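Asks: Here are the chains, one letter per residue:
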Amino acid sequence: MNLTVALFGIAREIVGKSSLDLTVPAGQSAAGLLADLRTQYPALASLRSLAVAVNNEYAAEEVALHERDEIALIPPVSGG
Amino acid sequence: MHHIDLTDQPIDVAAALHAVESDEAGAVNAFIGTVRNRSDGRRVVRLHYEAYPPMALHQLRRVAEMAQEKWPMLRQVAVTHRYGTLEIGDVAVVVAVSTPHRGDSFAACQYIIDTLKEVVPIWKKEEYEDGTVWVAAHP
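Residue numbers (the working numbering), protein chains in the order written: chain A, 14 to 93; chain B, 54 to 192.
In case anyone wonders, no lab produced these hints; they're calculated from the structure.
If a hint is listed, it holds; no wrong ones were tucked in.
Covered stretches of chain A, as calculated for chain B (at least 3 residues, CB under 8 Å):
| hint | segment |
| --- | --- |
| 1 | 16-22 |
| 2 | 55-63 |
| 3 | 81-90 |
Have a look at the derived ranges for each label pair, beta carbon to beta carbon:
| hint | chain 1 | residue 1 | chain 2 | residue 2 | range |
| --- | --- | --- | --- | --- | --- |
| 4 | A | Val76 | B | Asp183 | 38 to 44 Å |
| 5 | B | Asp167 | A | Glu70 | 16 to 22 Å |
| 6 | A | Arg51 | B | Pro106 | 22 to 28 Å |
| 7 | A | Thr17 | B | Thr60 | 22 to 28 Å |
Only a predicted model underlies this, so the values are computations on that prediction, with no experimental measurement involved.
Beta carbons: idealized from backbone N, C-alpha and C, even for Gly.
Can you make the complete structure from the sequences, with help from the hints?
Replies: Dropping the structure here:
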């Protein structure tokens, strides 16, 4: 299945673009997506934290992703 | 009633205070976050804030709802966060609450800003004279 992953902050700078179009196995989990991206972009592994958001909510690691989900990588937040 | 906003324009602090006015409130409490000129001993020139707007707004509403559950006497909540490039002294965020009595207003206001900093997808890059750093990105 095809996913689009929105990227922000330092994750956007590490990857070099503001979104990624990926083809992943059907039923790919949030943890699986993170593992793949850390392999492809090792600098992501050095971050203090990295979360996956699905449809504006933080996703648990085991959550299965779907093609029409709005997916984003959330590096450590620092608002305020 | 919760007034939640993200903006790339200067924040109107008076408007946030006005938004939480209530005849049932004896206390209005506000936190105003501003851009400081130093960070860990380095001179900061300006800040760059980036937001993921739909999720940031959703999470801000969530934070306000959680505050309402913890402090059912909350009358009004207003949170406005700015994004884009901010200069020293600019207002980055305003949290304002109103409650019948002052003790709850201090506690609820602090809870909202503390939780905002933990969960709302907004990122801050500090610009120094000799480089930039995404705040809190690395251990």
